[in-house]
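Next come the chains, spelled out residue by residue.
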Amino acid sequence: MKLINKYFFLLIILALGFTRCNKKLDIEPEQSVDAINALRTAGDVESAVVGTYSILGSGPLYGNNLLLLPELIVADDNLDWYGTFKGFADIYNSGTDKFNIEAQRTWASAYAAINVANNILPSLNVVSNADAKKRIEGEALFVRGLMYFELLRLYSNPDPSKNGGLGVPLILTATTNEEQASQKKGRDPISAVYTSIMADLTKAISLLPSTNNPGRATSWAAKAIMARVHLQRGEYDKALQFSNDVIENGSFSLNSGVTAVFYNKNTPESIFEIQQNDQNTAFNANDGLTTFYGNWPNGVGRADIEPSYDFYYSHDPADKRFNELFGFGELTSPFPDGLYTKKWKELGQNIPIIRLAEMYLIRAEANQRLGSAVGATPEDDIAVIRSRAGLSPISNPTLNDILMERRFELAFEGFRSHDYKRLRATSAPLPWNADRYVLPIPERERLANELLIQNVGY
Amino acid sequence: MRQSRILPLLLSLLLICQSVWAQTPVTGRVTDVRDGTPLSGVTVTIKNTNTGTTTDANGTFTLNVSENARLIFSFVGYQSLELPTNSVANVSLSRGENALSEVVVVGYGTRIRRDLTGSVSKISAREINNLPLPSFESALQGRAAGVFINSGSGKLGQALDIRIRGISSISASTQPLFVIDGVPVVSQALGTANTEPDNPLAVINPEDIESIEVLKDASSAAIYGSRAANGVVIVTTKTGKAGKTRVNFGFYTGVSSPTKKQEFLNAAEYRELFTDAIKNSSRNGVRYTRDDPAAAWKRYTGNNDWATNTDVDANWADEAFQDGSVQQYSIAVSGGDNKTKFLLSGNYNDQKGIILGNQLNKFTGKINLDHNLSERLKTGLNIAGLKMVNDRVPDDNDFANPVQLNALPPIQRIYNDDGTLNRQTIYYNNLIDQVANINRGITFRSIGNLFAQYSFTKNFYFRSEFGFDWQDLEEEQFYSKETETGATYNGLSANYSTKASTWNVRNYVNYSQTFKDLHEISGVAGIEYQEYNTRANGLQGASLPNDQFKKIASAAKIVFGSSTTNNSSFASYFARGNYKFNNRYLLQASVRVDGSSRFAKDERYGVFPSVSAGWIISEENFLRKSDWLSFLKLRAGYGRTGNAEIGNFAYRTLWGAAFYADQAGIVPTQIGRDDLRWETSDQVDIGLDFGIIKNRVTAEVDYYVKKTKDLLLNFQLPTQNGFGTITKNIGKMENRGWEFTVSSRNLVGAFKWNTSINVSSYKNEVTDMGGSTLNGGSRQLGRVEAGKPFGYFYGPQYLGVDPANGDALYADVAGKPTNDPDLAADFEIGNPHPEFYGGFNNNFSYKGFDLDVQSQFVSGNDLYNIAGFFQSVNGDFYDNQTRDQMSYWRKPGDITDVPQPRLLDGNGAIKSSRWVQDGSYFRIKNVVLGYTIPRNSLRRLKIENARVYVAANNLFTFTDYKGYDPEVNATYISNINLGHDFYTPPQAKTITVGINVGF
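Taken in order, these protein sequences are the chains called A and B. Taking numbering that gives the first Met the number 0, the leading residue of the first sequence gets 0, the next gets one more, and so forth. Taking numbering that gives the first Met the number 0, the leading residue of the second sequence gets 0, the next gets one more, and so forth.
Wrong hints could be hidden among the right ones.
Now the in silico label distances, taken between C-beta atoms and shown as ranges [what the hints assert, rightly or not]:
| hint | chain 1 | residue 1 | chain 2 | residue 2 | range |
| --- | --- | --- | --- | --- | --- |
| 1 | B | A824 | A | D130 | 57 to 63 angstroms |
| 2 | A | N21 | B | L746 | 56 to 62 angstroms |
| 3 | A | T172 | B | A824 | 51 to 57 angstroms |
The list that follows gives simulated cross-link-like pairs (lysine to aspartate or glutamate, DMTMM-like), each with its CA atoms no further than 25 angstroms apart [to be verified]:
| hint | chain 1 | residue 1 | chain 2 | residue 2 |
| --- | --- | --- | --- | --- |
| 4 | A | K97 | B | D904 |
| 5 | A | K23 | B | D904 |
| 6 | B | K498 | A | D25 |
Far from chain A, by Cβ distances over 12 angstroms, these chain B residues were calculated [unchecked claim]:
| hint | residue |
| --- | --- |
| 7 | L62 |
| 8 | N128 |
| 9 | S617 |
| 10 | I725 |
| 11 | S760 |
| 12 | I923 |
Read the hints as simulated data drawn from the structure, not as lab findings. Small disclaimer: the values here were computed from a predicted structure and weren't measured. Heads up, the beta-carbon is just placed ideally off N, CA and C, and yes, glycines get one too.
Model the full assembly from the supplied sequences, consistent with the hints where possible.
This is the structure:
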């Protein structure tokens, strides 16, 4: 019996080891925090602001799509897409369907960034430092305004007669629970979205400091975006006012060479620039501007895009942008003989979103259209851009000269289709207000929210 | 002292039972009925107790029994026998198939098949020995009714898709729970995205397996509660047998090749088709010189190959494959005495895959030790250690996937004149990867179980088990700067390590007793706790000096680094009771309460009950005398099971880190709801088992209805509010089906012939999705929608070609043909679920020869070949085309399925039923021909037994599917796209010869 007792007790003790099992079911995640604890301190809110930029820098937004899709949508005299990625190929071929993966991921990411901004705004009361509070509010509004601007440009037909002036759903409140996350809201009119963009950017200008950490919004970045927004809307006086303000009163200056703004980080010319490094970058073997545009002799890039030869040869042979920003593949590159732009070169390269050269071009165009010479004459502004490219000035440039200069300067930086639509051009196979030049509202979204009206043609 | 109340109770129980422990010793000898050789290791148990022993080397045993007890003799591969104690002096067992007497492992215990009230399939060691199985689960294919297995492809070490009785979840796992020697193990693939997932079960050596049981219906599976909704697969490994120490040595070697290679155009055909494609293109004369194929080629590819390579006719498709081989050495030593039994085994398996660069080798070792400390207390230890090295192939969607080489034009050279690989190809010549890159997965795993069992009385024992499963996967990747991915990074080296460990403790009591020879009761009750922990870290270094340097230590910059930890746990309480009256009325009830860390506090516990009953009608007087009907049992059961295989923290709303170059930030990552709870399945099963002509023919028929509710669905949200999905309990799904198994001993004389057939069918229907719909993607057809089968094919209907002009035609909204793809409407165009599937197995033996032919079939399912977009699209781009494209439309009046080729015009290029095909197949899965060398001729060599054999795996496949292999599942697409093929490699056909020798 003694032996039995010994084992018996052992077993009983084993059995009792279990009473605390229930406690063991309390397990906390280690790579995330509960939303309730996410935005409790000034430091937390500061982190969330960085979070918005990290979404901005991702492949669906400025890391790739917001610069690439506008080039593909009206690709005709601009470039050819040779790649196999169906999402891009369909957009290039004007054969986009409502399942387009690029249209889907850009939509989702833009709204994800907007949601972080919407979460920051009601949490500002935990930031006690008044300057920091202003700055953070300004950054959140900047990001939100900017994203709505990008959404409108891609998903709305600017011609109200084509699609009833439908914009995108305007969401201005934070999503913190399921009820809010599943709320269905239809598309707001373009005008309402623009009103919101203006309100956000105007307030951002008043709140933002003139300098900030690298790659973060400043009052100058907000003003420069304002200039771009007004230009897109054909409000040339306002575009002129903001671009002139940035040129005259901002502390920016053109780089001496044409490649520096791409190959170096945060150069004096750069007004707002997406930051990347080798580890945190939108570039990988299947995403990123370098990946799709690149055809470098060291094998970098997939050579999915070839700039159009017509466009290439329309450059002045002396143009530094022609000589330094284009290349032909060599035997070791993916597409030997293939033409490629050298703007996108490296893995961890920063991506300039707004640079001073664009402000000169906006001011020149606006002055030209308005017949004014605020800040400088169009001739002088164009001369600034041209002389940097090693070209002589054009005397008395026409509007067309200015627009052509704009194409040379801003090629492959995400301007092509936006300009085509803004200028109401008809030179490409389809006119500026063509159904196929507007991305579809992703089918997935319409299945989740039947209030979203699809764009005509999908 | 909390024990104080329990202790006296148990002690008193002990004393009560002590008094009935009156015994007399009985001795006997057990031999083989065929040749009279003594059988050692036969289990001899006293009926209705847990008391027993095993026979020694001479086949003898001694056991203390009470007077009117009956003894049960059971031995693997032999028919069990039940005898009164007065007739056990000389017992002879016959080899056999009497399925009714086989012992079936049911989780926390065993049952005799005759007494089962649920639906359980069993595969025993005999059936899987000596087969070159890619991994042990594939042994279930075609052998277990209701178990549908899709091996996906012929890649070595690849995870299998296993579906037991249909599919019952949309967003949570659909794979069964695997329990190895009592330990619920990690069966999800570890490892990084974008690489082919390694099958964690591939490390388990099939030779170590004693039996595999599949708990199919809920009344059987409910004892595993919250994790049993997809069924439970219980694996029991071999243990030592008392008696003379036996040494078994096995070896086999073989070769393998693809089951099929696909036919692509040769250079002449390619030129013919593309000359037309270029001529007919809207770009003809716009983007290149009119009617000049060489100019068009130059325009779109950047080289002159069309003009210069007139002598080139390359077969790129075949470059993807190599001659495979397999070798296996195994050794097992087992033996012991009445107190201690042991089994040691070791195995080395080396395989070269049929896909270029695919290689796998593994070592496994196993120790199994049982020791009886006393009559009452026994302990045991069971540890398996494994190492597997897998040189993997990239996932299907990777340009480096060798099968994608078939897209390359036959007019481009594979090698340059100087013998180097041609790099100037329209798609990446990924042979460069095979030469320069490394993609290796190294798995270390140990699975073990330690137990102690104490018998208070002969009817009542307590068992405590501690089990663990530690798995360590290290992934080593190197991308040369010569290769596509490597070039982006100027050489890339990556290393990922994932350690998944789980441990669990089970304590339970088991009681069994017979009263008045009429009432048999037994029961088990216990508690179980399990903890899972996954720790992963990874690092990538870029910019390596040159290809001689392959490690991150030589990398100039670190481009990725991460470490993560994830934990989850389960606490469970379970009980099961069985009652048998008069040997003919069976009743079973069980309940399990599971608590999981994956749910919020208030929703943490789930209750999973089951009840089932059986009636052995053949025991009734009105049937007892029947000559032809030897057994008839009706059984019915109901049970509730659960599924919690979702993310660990799906119920929470979370924020996680996000980076902006050097600045670290946070973003919301997930929205959740506190009331998230288990997905529950209620299943009813009705079955009939019968045996006729002295059980020479036995059959089982089952009908089940499985209704799953509160589906853990990743419900689609409008992303405009910031989140794409939320995991919530919404929606319902239903599976109902039939299973039919019949086994027959057709001939029982010197020439023996056994046949078994199983056929299953199920109907799956998603009955409620909360108004949500899921679509597979822009190229995929899978769709989940209420009222339809999970993953049914939905998309435009292809109507062939307009004979007048060669335009591809699609059905518009009204079903009328249109040549405008924009007007093509979406329809239901296929069903990836089979109408029925099963296996047909025959076994012949004559004297020392035996022949086993096992086949498998799937019928009525549709497959969709996504690669059709590129390879069967009448030359829309320069991809080489499948040979059937040559029947393209050439002139008005042509009746064909293949539209007129028009380069880049997209004629017939949209996603549609054009690439949907019937996926039915019949496959001779395994054929084994063996010869057992007569013992007399072996005696002089001191060899106990020896067998030589030839085996073939996937010997013949009969199908109309035009792709590589109808048993396919592309790996990169979401789970709702069932039956999709995308450059997926075929299965391997393997032929081996082998020998087994026992000393």
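We went through each hint and held it up to the structure:
Range check, A824(B) to D130(A): about 59 angstroms between beta-carbon atoms, so the 57 to 63 angstroms window is met. A C-beta distance of roughly 60 angstroms is found between N21(A) and L746(B), which places it inside the suggested range of 56 to 62 angstroms. Remark: the range hint 51 to 57 angstroms for T172(A) to A824(B) is contradicted by a beta-carbon distance near 38 angstroms. A threshold of 25 angstroms between alpha carbons decides the hint, and for K97(A) with D904(B) the separation of about 19 angstroms falls inside it, so the pair holds.
This hinted pair does not check out: K23(A) and D904(B) have alpha carbons roughly 62 angstroms apart, beyond 25 angstroms. Under the criterion of a C-alpha separation no larger than 25 angstroms, the hint pairing K498(B) with D25(A) is consistent with the structure, at around 22 angstroms. Residue-level check passed: L62(B) sits 22 angstroms from the nearest beta carbon of chain A, beyond 12 angstroms. For N128(B), the requirement that its beta carbon stay farther than 12 angstroms from each beta carbon of chain A is met, with the minimum near 37 angstroms.
With a closest Cβ-Cβ approach of about 42 angstroms to chain A, S617(B) is found to remain outside the 12 angstroms limit, as its non-interface label requires. A beta-carbon of chain A comes within 12 angstroms of the beta-carbon of I725(B); the shortest separation is about 6 angstroms. Distance check for S760(B) against chain A: the nearest CB is about 31 angstroms away, which clears 12 angstroms, and the non-interface claim stands. With a cut of 12 angstroms on Cβ distances, I923(B) stays outside the contact zone with chain A, its closest approach being about 38 angstroms.
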